[in-house]
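Visitor: What follows is each chain in one-letter form.
Protein chains: 2
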Amino acid sequence: MAGRRAGLLGRVVGYDPEPQATAAAIRQGVIDEVAVSPETAVRGASLALLAAPVRSLRPLLARLAPALAPDTTVIDVGSVKQALVGAAETELPAGQFVGCHPMAGAEFSGVVAADADIFAGRVCFVCPPQNARAECIAAAHAFWIGLGCQTVAIDPAVHDRLMAAQSHLPHVAAFALAAALAPEMPFLDNTTSVASPTTSLRDTTRIAASGPAVWRDILLANASHVLPLIEYLGGRVHEIARAVAANDGEALDRILSAGQACRQRLVKE
Amino acid sequence: MAGRRAGLLGRVVGYDPEPQATAAAIRQGVIDEVAVSPETAVRGASLALLAAPVRSLRPLLARLAPALAPDTTVIDVGSVKQALVGAAETELPAGQFVGCHPMAGAEFSGVVAADADIFAGRVCFVCPPQNARAECIAAAHAFWIGLGCQTVAIDPAVHDRLMAAQSHLPHVAAFALAAALAPEMPFLDNTTSVASPTTSLRDTTRIAASGPAVWRDILLANASHVLPLIEYLGGRVHEIARAVAANDGEALDRILSAGQACRQRLVKE
Numbered sequence: 017m018a019g020r021r022a023g024l025l026g027r028v029v030g031y032d033p034e035p036q037a038t039a040a041a042i043r044q045g046v047i048d049e050v051a052v053s054p055e056t057a058v059r060g061a062s063l064a065l066l067a068a069p070v071r072s073l074r075p076l077l078a079r080l081a082p083a084l085a086p087d088t089t090v091i092d093v094g095s096v097k098q099a100l101v102g103a104a105e106t107e108l109p110a111g112q113f114v115g116c117h118p119m120a121g122a123e124f125s126g127v128v129a130a131d132a133d134i135f136a137g138r139v140c141f142v143c144p145p146q147n148a149r150a151e152c153i154a155a156a157h158a159f160w161i162g163l164g165c166q167t168v169a170i171d172p173a174v175h176d177r178l179m180a181a182q183s184h185l186p187h188v189a190a191f192a193l194a195a196a197l198a199p200e201m202p203f204l205d206n207t208t209s210v211a212s213p214t215t216s217l218r219d220t221t222r223i224a225a226s227g228p229a230v231w232r233d234i235l236l237a238n239a240s241h242v243l244p245l246i247e248y249l250g251g252r253v254h255e256i257a258r259a260v261a262a263n264d265g266e267a268l269d270r271i272l273s274a275g276q277a278c279r280q281r282l283v284k285e
Numbered sequence: 017m018a019g020r021r022a023g024l025l026g027r028v029v030g031y032d033p034e035p036q037a038t039a040a041a042i043r044q045g046v047i048d049e050v051a052v053s054p055e056t057a058v059r060g061a062s063l064a065l066l067a068a069p070v071r072s073l074r075p076l077l078a079r080l081a082p083a084l085a086p087d088t089t090v091i092d093v094g095s096v097k098q099a100l101v102g103a104a105e106t107e108l109p110a111g112q113f114v115g116c117h118p119m120a121g122a123e124f125s126g127v128v129a130a131d132a133d134i135f136a137g138r139v140c141f142v143c144p145p146q147n148a149r150a151e152c153i154a155a156a157h158a159f160w161i162g163l164g165c166q167t168v169a170i171d172p173a174v175h176d177r178l179m180a181a182q183s184h185l186p187h188v189a190a191f192a193l194a195a196a197l198a199p200e201m202p203f204l205d206n207t208t209s210v211a212s213p214t215t216s217l218r219d220t221t222r223i224a225a226s227g228p229a230v231w232r233d234i235l236l237a238n239a240s241h242v243l244p245l246i247e248y249l250g251g252r253v254h255e256i257a258r259a260v261a262a263n264d265g266e267a268l269d270r271i272l273s274a275g276q277a278c279r280q281r282l283v284k285e
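Note that the protein sequences, when read in sequence, are chains A and B. Residue numbering for the first sequence follows our numbering, starting at 17 and increasing by one per position. Residue numbering for the second sequence follows our numbering, starting at 17 and increasing by one per position.
Keep in mind that the hints were calculated from the coordinates and are not lab data. Here the structure is a predicted model, which means the values were calculated and not measured. Don't take every hint at face value.
[Unchecked claim] Covered, in the sense of this in silico footprint (three residues per stretch, anywhere, with C-beta under 8 Å from a C-beta of chain B), are these stretches of chain A:
no. : stretch
1   : 42-50
2   : 166-179
3   : 186-194
4   : 200-213
5   : 216-229
6   : 241-253
[Claimed, not checked] Anything over 12 Å on all C-beta distances counts as not near chain A; from chain B, calculated:
no. : residue
7   : A37
8   : A85
9   : G126
10  : A169
11  : E255
12  : D269
By construction, the Cβ of each residue, glycine as well, lies at the ideal position given by its N, Cα and C atoms.
Produce the complete structure using the sequences and hints provided.
Guide: See the structure below:
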């Protein structure tokens, strides 16, 4: 939708394993044509955009390789880059792949939740593999810039470490917090007449509305960067529990103050 | 500020252990007079509003008791009610106290962060002790209604259980998440030129900017309700860590799906 509006696109061919998804995309005018397979979708394309769960991208590259012309630029929008960018050198030896990650999204998914304004003014990380063709790298940058993004070339490992802290760990915290309220759900159901959810609860759990399959894949694909942070988060929660159980105000103050200091350093207000 | 604008107040006398706080309140026209002690502040008052850390409220009631007239209504704005409301029966046998908790606030504090619009349309919980005088209960309701709140009479134990889930546990999650990023702060400092904090990170850590001393007191005062939830949160984080470490997609999917289901049940969108 954003690409059409910006006049970047010719004919758009879409494929999705769910026929309802492509049917909705046709109805909304987001795509012009439905392909019967990923291979037919990319045949003859100047640009192929892969929007698929992170762990399915490598097999998808392998499957598409024989169908791709050497001058087709292949980009993705996955949240984890290091393993994929490495694998792309093997899967697409002709160098058509350029890893991309626009910093734009929402906790909703599907074409019905699509928003053509989502890219304006946002950063898009661009991670080409070693073997990427210069024309493909340029085409990837041009596409995102055309959508209104600011492109930032970044090392895939630095990208993944940054995302582990800025996005993946916050999602773990939000999912775990929401899941931790499961035993209180019947009680909370009965209180909605007197008290709507607080802003605190809404904000801290908002991203727990995101798709579990997408986030399962992201966390597993970025395990090397995110697992130490998840363990560290568990440690901090455990320390708070221990301080509350022991009525230890000093220990509790120390960890809450550390949290406040990090928040203030992360987000200058 | 909200009370003045609503024409609810006569002369306003303020006391704060920090002289800068009352000086700022005078400058901003929030109070008319600075008292030298809590006792002198409440002497002859029709309404005494105690805005102090949760754990200091019981000693404050004990200290104020001899200075209070029988027809002074004493209210507070603390986030935990059960222990305080119980203690108030002993500390104020004349029945002037009515526990209150307006569902309005922000992660900022101090008179410079004051906002006269904060109460409009919000719920204010009202928890009178068994011995509360009917006129004091009525005065408490009238005050909050005058500020634009909807008052909700609630059992103090139900209030504390509700707040443990809707506010106290989310604060624990936000403080723990922000604190868990401490080891990554030098790395994150160096990335701010390429990537501002994501909306995910901003939203999930927003309330970690709140005052550590205030939240230390709240968590300790509501330990009986919040500690089981903190332990449950730690358990969920640990389960996610274990699933990621074991590359166990099914287990990870199960817990993320549970989190998503709770979020969708908590906040209907």
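Visitor: Now look at each hint and say whether the structure bears it out.
Guide: Here is what the structure says about each hint:
Counting residues of the stretch 42-50 of chain A whose C-beta sits closer than 8 Å to any C-beta of chain B gives 0, which falls short of three, so the coverage hint is violated. For a cut-off of 8 Å, the count of residues in the stretch 166-179 of chain A with a CB near a CB of chain B stands at 5, and the three-residue condition holds. As drawn, the stretch 186-194 of chain A meets chain B at 9 residues by the rule of a beta-carbon pair under 8 Å; at three or more, the given contact holds. Evaluation of the coverage hint for the stretch 200-213 of chain A: fulfilled, as 10 residues show C-beta separations to chain B shorter than 8 Å, against a requirement of three.
Chain B is given as covering the stretch 216-229 of chain A, and this holds because 14 residues of the stretch bring a CB closer than 8 Å to a CB of that chain, at least three being needed. Coverage of a stretch by a chain is defined here by at least three residues with a beta carbon nearer than 8 Å to that chain's beta carbons; for the stretch 241-253 of chain A and chain B the count is 11, and the condition holds. At the 12 Å boundary, the C-beta of A37 (chain B) stays outside the reach of chain A, the nearest C-beta of that chain being 19 Å off. Distance to chain A confirms A85 (chain B) as a non-interface residue, since its nearest Cβ pair spans about 33 Å, more than 12 Å.
Every beta carbon of chain A lies more than 12 Å from that of G126 (chain B), the smallest distance being close to 14 Å; the non-interface claim holds. For A169 (chain B), the non-interface assignment is contradicted: its Cβ lies about 9 Å from the closest Cβ of chain A, within the 12 Å cut-off. Remark: the non-interface label on E255 (chain B) conflicts with the geometry, its nearest Cβ contact in chain A lying 8 Å away (cut-off 12 Å). At roughly 5 Å from the closest C-beta of chain A, the C-beta of D269 (chain B) falls inside 12 Å, breaking its exclusion from the interface.
The earlier numbered hints that this structure contradicts are 1, 10, 11 and 12.
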